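K.L.:
One letter stands for each residue in the lines below.
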Amino acid sequence: MSQIELKNVTKAYYADRKKSLARVVLDNICLEIEEGEFVTLIGPSGCGKTTVLNLIAGFEAPTLGTVEVNGKEVKSPSPERGVIFQEYSLLPWMDVKSNIELALECQNVPVHERAGKISKALGIVRMSEFADSRPNILSGGMKQRVAIARLIAMDSEIFLMDEPFSALDEQTRKKLDEDIVEIWKNSGKTAVMVTHSIEEALTVSTRIIMFSDSPGRIIGEWRLPEEMNRDPYSEEFVKLKIEIMEWLPACPCTRKERRWIAIE
Amino acid sequence: MNLGSYSVQSFLKTLLVFFAGIIIVILMWELLALYCNSGGTVMMFPTPAESFERTFEWLLSGETLYGHTIYQHISRSLKRWLIAFIMASAAGVALGSILGYFDKIYSVGIVPVTVLQTIPGLAWIPIAILLFGLGDDAAIFMIFTVSFMVITINVAGGIRMVPETVLRAGGMMGASGSILFLKILLPYASVSIINGLRVGMGSAWRVLIAAEMLIGSGIGLGASMELLRYNLDFIGAFACIIIICAIGLIVDRFIFAEIEKRVRHRLGMEEGY
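Going down the list, the protein sequences come from chains A and B. Going letter by letter, the first sequence gives residues 0 to 263 in numbering that gives the first Met the number 0. Going letter by letter, the second sequence gives residues 0 to 272 in numbering that gives the first Met the number 0.
Worth flagging that the hints you see were computed from the coordinates, not collected in a lab. Treat the hints with caution; some may be incorrect.
[Unchecked claim] Derived lysine to aspartate or glutamate pairs resembling EDC-like cross-links, with alpha carbons at most 16 Å apart:
no. : chain 1 : residue 1 : chain 2 : residue 2
1   : A       : Lys240    : A       : Asp230
2   : A       : Lys119    : A       : Glu100
3   : B       : Lys182    : A       : Glu100
4   : B       : Lys182    : A       : Asp94
5   : B       : Lys182    : A       : Glu104
As the structure is a prediction and not an experimental result, all values here were calculated from the model.
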């Protein structure tokens, strides 16, 4: 049994107010993710890759099919499935350590254990000196580091990341990609990341899953060996990047007719 | 290094801007008085100078107005207002929180709240008199009802406006019940809540004056104003209006605006410290 299992998942939204049209975002997706994998989901925007993440997180329910984590159906969000959001999700009126402490408080971690967990987590993401700062003085990259520290402190089994570094500059993003890989390697957790950057996917993951334009279907899968050369200028990396790029589905605007489906 | 801290200069500037606003109001009043009085009407339109003179006379000489000093009138009005406003705030924040938190209750509960809110303050007079007779209680009831609805709607709206990402982050952390409500929703909504209290306070003050004019017990600013008007002492009535406006302005600018500023800062909505 895989740790995360999407069984014949279809997700559709109403596309108009009269509820006569539906937009099928995910079309009969089957996906299994094993414990300890680092999976990236790529594909054109609007292809439903974020929806997959939201389904695993429990923020949304599938229209058809089931989502199971550790053999149990996902019904609601839970700390075992930690999420790093694209937008910054720290509470602005709390300093960094209180933000993390809130997550621990929600899980009823005893007060005397909290400080240790917080400082350990902040140490891992190298944010210890900002423990007393409020998020509004932190840069975007630092805020995401704190969000990562929050999941480390919560000891989430699965890290779900929705384009976590897409708003950051190239340099910061590269650094955070390296860091997240290191954290993942050391912790042995499962990671699922949505990204629109093939290069980022090639840098971090052990498996890349490509979605087609809407309705989203899985149209490609690449398993990357652990020992693969992750240097973006290496021959292996470039070759794989070109292969994936050529596999990408055609421009969404040319296939509009498939986006809407009438409800009977 | 000075990063533009709150200096004496900037305080004076704020004060100057504040008085500039007041001067505009007084100028408009003066022009209106000039215009009205140029036609040789029977009743003179009170000018700002006359009215302010009367106000200071009351405030400084201790002269009584219908058996009470102006301070007694003011304190009686403030007392009614404060009692009603505190009750309305407590009830409004409580009901607003419930409506904002529970989606299903909101869709049902917001209807009566909106219906009651559309009733003009003065329309509550018959109901107030039927329920409480003439006197303080009826006035307090009117003030309470009007500000209660305003506060409820703002509080519920504020809680419902909490961004989806924040709710999801809360869910992901396992926040629920009182932690979710007290540590996430309420702080997020606090600026709306304060704004609701502010608007509620304003409407409470307006209704108070109206209520006192009609069902008060002969003491209070609204009651005095009504008596002055009956006796065709328009200067006196205008002097009352000056006091009413001054109190409203002071409470809004110096209490609520200050609280709002602090809360915004506390919430981290402003950059830096």
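K.L.:
Determine for every hint whether it applies to the structure shown.
P.N.:
Here is how each hint holds up against the structure:
1. A/Lys240 x A/Asp230: holds (12 Å)
2. A/Lys119 x A/Glu100: Satisfied, since the Cα-Cα distance of roughly 12 Å is no more than 16 Å.
3. B/Lys182 x A/Glu100: With Cα atoms ~12 Å apart, lysine 182 of chain B and glutamate 100 of chain A stay inside 16 Å; holds.
4. B/Lys182 x A/Asp94: Satisfied, since the Cα-Cα distance of roughly 13 Å is no more than 16 Å.
5. B/Lys182 x A/Glu104: holds (11 Å)
In this structure, every one of the numbered hints holds.
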